[in-house]
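Using the sequences and the accompanying hints, generate a full structural model.
So the sequences go chain by chain: Z and W. Counting from 1 along the first sequence, just add 34 to a position and that's the residue number in this note's numbering. Counting from 1 along the second sequence, just add 845 to a position and that's the residue number in this note's numbering.
Keep in mind that the hints were calculated from the coordinates and are not lab data. Worth double-checking, as some hints may not be accurate.
Reference excerpt, derived from the structure (chain W facing chain Z, CB under 10 Å, subset only) [as the list claims (entries may be wrong)]:
no., residue
1, Val-945
2, Ile-949
3, Tyr-1129
4, His-1133
5, Pro-1161
6, His-1163
7, Thr-1189
8, Val-1199
9, Glu-1201
10, Ala-1229
Taking lysine to any residue pairs in the SDA-like style, the calculated list, with each CA pair at most 20 Å apart, reads [to be verified]:
no., chain 1, residue 1, chain 2, residue 2
11, Z, Lys-381, W, His-1165
12, Z, Lys-321, Z, Val-346
13, W, Lys-1168, Z, Ala-427
Derived coverage of chain Z by chain W (criterion: at least 3 residues anywhere in the stretch with Cβ under 8 Å from a Cβ of chain W; other residues may be distant) [as the list claims (entries may be wrong)]:
no., segment
14, 138 to 152
15, 300 to 308
16, 328 to 337
Since this is a predicted model, take the numbers as computed values, not measurements. Yeah, the Cβ is synthetic: ideal placement off N, Cα and C, and Gly gets one too.
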Amino acid sequence: MKRSTERILTTHVGSLARADSLIPLLRLRENGQPYDREELVKQVREAVTDVVRKQGEAGIDIVTDGEQGKASFFGYIIERFSGFERKPAAPGRAPRPRAAGREYISFPDYYAWSERIAEPFGGRSGGRGQGGVDTCTGPVSYRGHEAVHTDIDNLKAAVKGQAHEDVFVPAIASSYVASTFANEYYRTHEDYEQAVSDAVREEYKAIVDAGFILQIDDPRLVSYYMMNPELSVEDCRKWAEKRVEGINYSIRDIPPEKIRFHTCYSIDVGPRIHEMALKDIVDIILKINAGAYSFEAANPRHEHEYHVFERVKLPDGKILIPGVISHTTNLVEHPELVAERILRFAKLVGRENVIAGADCGFAASALRFNDTHPSVAWLKFAALAEGARLASAELWK
Amino acid sequence: MKRSTDRILTTHTGSLPLPALIRQAFAAKRRGEEYDQAAIDAALTTAIGEVVRRQIEVGVDIIGDGELSKTSWNDYVVHRLSGLERKPRSRAWSAEPWSVARGILRPRETGMARVDIEGAPRHYRTDIAEFHDLARNLGDSHDNDGMAYVCRGPLGWRDFAQVETDIARLTAAVSVSQPHDVFMSALSPGCFVRFFRNEYYPNEETYMQAVADTMRREYQAIADAGFVLQLDCPDLASGANTDYAGLSVKQFRKVIERHVEYLNYALKTIPPEQVRIHVCWGNYEGPHHRDIALRDVIDIVLKANVTGITIESANPRHGHEWKNWQELKLPDGKILFPGVIDDTTYFVEHPELVAERIVRFAKLVGKENVIACTDCGLRHLPDASLAFAKLYALAEGARLATGELWRG
Chain Z
35 MKRSTERILT THVGSLARAD SLIPLLRLRE NGQPYDREEL VKQVREAVTD
85 VVRKQGEAGI DIVTDGEQGK ASFFGYIIER FSGFERKPAA PGRAPRPRAA
135 GREYISFPDY YAWSERIAEP FGGRSGGRGQ GGVDTCTGPV SYRGHEAVHT
185 DIDNLKAAVK GQAHEDVFVP AIASSYVAST FANEYYRTHE DYEQAVSDAV
235 REEYKAIVDA GFILQIDDPR LVSYYMMNPE LSVEDCRKWA EKRVEGINYS
285 IRDIPPEKIR FHTCYSIDVG PRIHEMALKD IVDIILKINA GAYSFEAANP
335 RHEHEYHVFE RVKLPDGKIL IPGVISHTTN LVEHPELVAE RILRFAKLVG
385 RENVIAGADC GFAASALRFN DTHPSVAWLK FAALAEGARL ASAELWK
Chain W
846 MKRSTDRILT THTGSLPLPA LIRQAFAAKR RGEEYDQAAI DAALTTAIGE
896 VVRRQIEVGV DIIGDGELSK TSWNDYVVHR LSGLERKPRS RAWSAEPWSV
946 ARGILRPRET GMARVDIEGA PRHYRTDIAE FHDLARNLGD SHDNDGMAYV
996 CRGPLGWRDF AQVETDIARL TAAVSVSQPH DVFMSALSPG CFVRFFRNEY
1046 YPNEETYMQA VADTMRREYQ AIADAGFVLQ LDCPDLASGA NTDYAGLSVK
1096 QFRKVIERHV EYLNYALKTI PPEQVRIHVC WGNYEGPHHR DIALRDVIDI
1146 VLKANVTGIT IESANPRHGH EWKNWQELKL PDGKILFPGV IDDTTYFVEH
1196 PELVAERIVR FAKLVGKENV IACTDCGLRH LPDASLAFAK LYALAEGARL
1246 ATGELWRG
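So this is what it looks like as C-alpha cells:
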C-alpha cells in the first residue's frame, strides 16, 4: 500500500454513479430476471474504463472501478455466494431495519419526507425488501470467482497506461453480511459468521492476488448502535469486538498492508444525532488487522472527531483515510477547507500516515436515490486533489 | 444590540419552516388564486407565538418571527408596495426533477424575478447552469410561477399596515415569552433593485433613490418598535454568480459599492447599533463552486454603516473563510455573526463542531464581537423538528464555546 511519503495521496470510498443505460441491466440481474448478459459485460467494461480515466483526470491517486458492475456495495451477495435466497421477511423481522432505529424514531416526519422525495428515483432502498430479503438457507460458499475476475480484468485493462499510485477494490465484510441477512440454516450466529468469513475470503484473496488493495466495507460496525435503540454503547462495543474477531478471521493470512477497512454510519443525509461517537469505538476499529482505516470526518456530525487522535495513538505503520469530502451534500468543498481538514489529521498522526478520502461512496447503491448528483462527484474529486496539493505544500515546505 | 459580553449569544437569519396551513395559503396566493386572508391572519397570530416560544425553548437568544407572514424574504414587498407589476418572464429555468427532489432548485424559485445589467448575459446561477442535468433552459416559460415583478410606476406603500401588523404580532409574542433580544428582517435596497427591474424611473440612480426612500419607512418602523433591524443583503455576495454573473470582480465591486451607499442612505436616521446585515451566497444546495470569495467583497461589506454582519461560514464552500480574519480587522464596535450551522444540509451539526467554529472566530476577532448564527434561513427544511434540532445544536455549541472562552 502506497503511503503519503512525498505528498498527501488521494482516494475515495469506491462507488460512483452508474451510466443511465447500465442501471436497467443491473436491476434485472438484481431481481433475478432475464437480461442481456453480453450487453451488461460490454457496458460495465466501458464504464470502468471511463470512471478510471475520470478519476485520473480529477487527480485521484488510488483509483477503483466505481463498483460499476455491482448493484450496490453489498447487493452482489446472492449472485456470488451460494446458500442465500431471497424470500419474504420472517414475521417480526422488518425488511427495513433502519426504520426501527433511533433516527427514524426521533425524526419520523423528516424520514417520511426523505422516503417520499426519493420515490420517483428508485427510492432509498432501491426496491430492496419488495422482492423479499436475502436470507441464508443453506451452506454458504463462494461461487463468484468468475465475477470477481471479470472485475479484476476490467480494472487491470482500465488502469493500464493511466497514471495512478495504487488500485483498490471494495468487498463486503463477513460481519456485515452475517448481521444483515437472516440466518435460517446455521445452528448459531457464530457458525454462520464463520461460514461467511470463509466464503468472502475467496473474494479477498482474488483481489489481493491481482495486486490490488482490498477494501473491506462494514458500515454495520458503527451503525449497529443507531439501529438498535435498546442497546447501550457498552452492549454495542461488546458486539463489535466479536465482529472484529470475525473480520480478522476472514483476513487471517493476508498481509495488513494489502488491506484497508472502511466504515460509515449511513448512506443518506439526515439529522444523525444518534450516531456512535468515534471515541467510543476507535480502539475496536484499530484492532482490525488492516493497514489503513477509512471513516467519516467531513460531515457536520463527525468533523470534530479528529480530536480523538489527540488522545488515541495510531499504531505504528497504520494509515488513516479520513473523509475530507462528503457524499451527502451537493456543495463542492472548497479546496482550502479540504486542506484544512487534511492538515488537522496530519499534524496529529503524521503526514505520511494520512491519505485524503471521502466519507462514503457517491452511489453506494446504483438502483436507489443518492443524495449527490452524479455530475457533482467529479467536481468534488478535483477539490479533493487540489486540497491535497495545498496541504502537501504546507506539510512539505 | 446585545453583545456576547459574558457568554456567546445565538441567533439565526430569519426564516423558519412554515406551518402547513400557511404554506398552502401562500402557494395559492402566489398562483393568483383565492385564499382566505382572515384564516391566514388567525393562524399567524398563533403560529408566531409558538415559533417565538420554541426559539427560546431551544436556546436562541436573539429571536425573530420566523418570517411566517411573508411569502418569501424578498417578494413579500410586492404584496405591500405600489409601482410593481407582474410581467411574464421572457425566459425561465426549469428545474430537473432530481434537483427539485433534493431541494437544489425549488419549484418556487424557478420563477424568481431577476434584474438584468445592461450588457451582461442573463444567467440563473452559474454553478447550476453548468450542469445541464441540474437545470434545463426551457426557453419561454411555461410554468405559472414564471412571472417577474418589475417597477412600472412610482414606488409607494399600498399596504403599510402589513408591516405594522408584523410588528404588532411580534411585539405581542415577545411580551409573553421575554427573549434576550428581538430582530426583524427586511429587504435591502440593493436586493430590491437586483430582483425588481426598473421600467419606470429615468435611470438606475433615481430608481435606487426611490427604492431607498420607500423602504426606509419599513426600516424605521422596525427600529422604532425597538427591534434589531436585519437587512438582507445577499446581493453583496450571491449577486456575483447570478444576476451580475457577466461582470468582472472589479465591475461587481462597483455595483455593490453603490448598493452599500444606498443602504447607508436608507439607514441614515437609524442608529447603526440597531442594525445588522445578512450576507450570503444563496440558500441552495448547489455546487457553489462559482461563488465569489469573501475576501473579494468583505471590505465593501464592512462599509455598511451597521453594527452587525452575518456571513455564511459553516457550509463546505465557505467553511475555510474564517482564516480571512487572520488578516482582516473587524472595525471597532462591529459584531460578526458567523454562520456555524449550515442550513443546506439535513445533518444536525454536532455541538462540538459548532463550538469549534465559534471559538475560531472568537480567537480572531474577540469573543465579545461574535454572535453565533446560521448560514441562512431555515424555512426550506422539510420538517420543523429538524430546524429546531439544528437551533438546539447551535445553542449547545455556544454553551460549550462559552465554557472554553470564559474559562478562568
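Okay, the hints, checked on the actual structure:
no., hint, verdict
1, Val-945, "holds (8 Å)"
2, Ile-949, "holds (6 Å)"
3, Tyr-1129, "holds (9 Å)"
4, His-1133, "holds (5 Å)"
5, Pro-1161, "holds (4 Å)"
6, His-1163, "holds (7 Å)"
7, Thr-1189, "holds (6 Å)"
8, Val-1199, "holds (9 Å)"
9, Glu-1201, "holds (6 Å)"
10, Ala-1229, "holds (8 Å)"
11, Lys-381/Z <-> His-1165/W, "holds (18 Å)"
12, Lys-321/Z <-> Val-346/Z, "holds (13 Å)"
13, Lys-1168/W <-> Ala-427/Z, "holds (17 Å)"
14, 138 to 152, "holds (count 7)"
15, 300 to 308, "holds (count 5)"
16, 328 to 337, "holds (count 6)"
Checked against the numbered hints above, the structure violates none of them.
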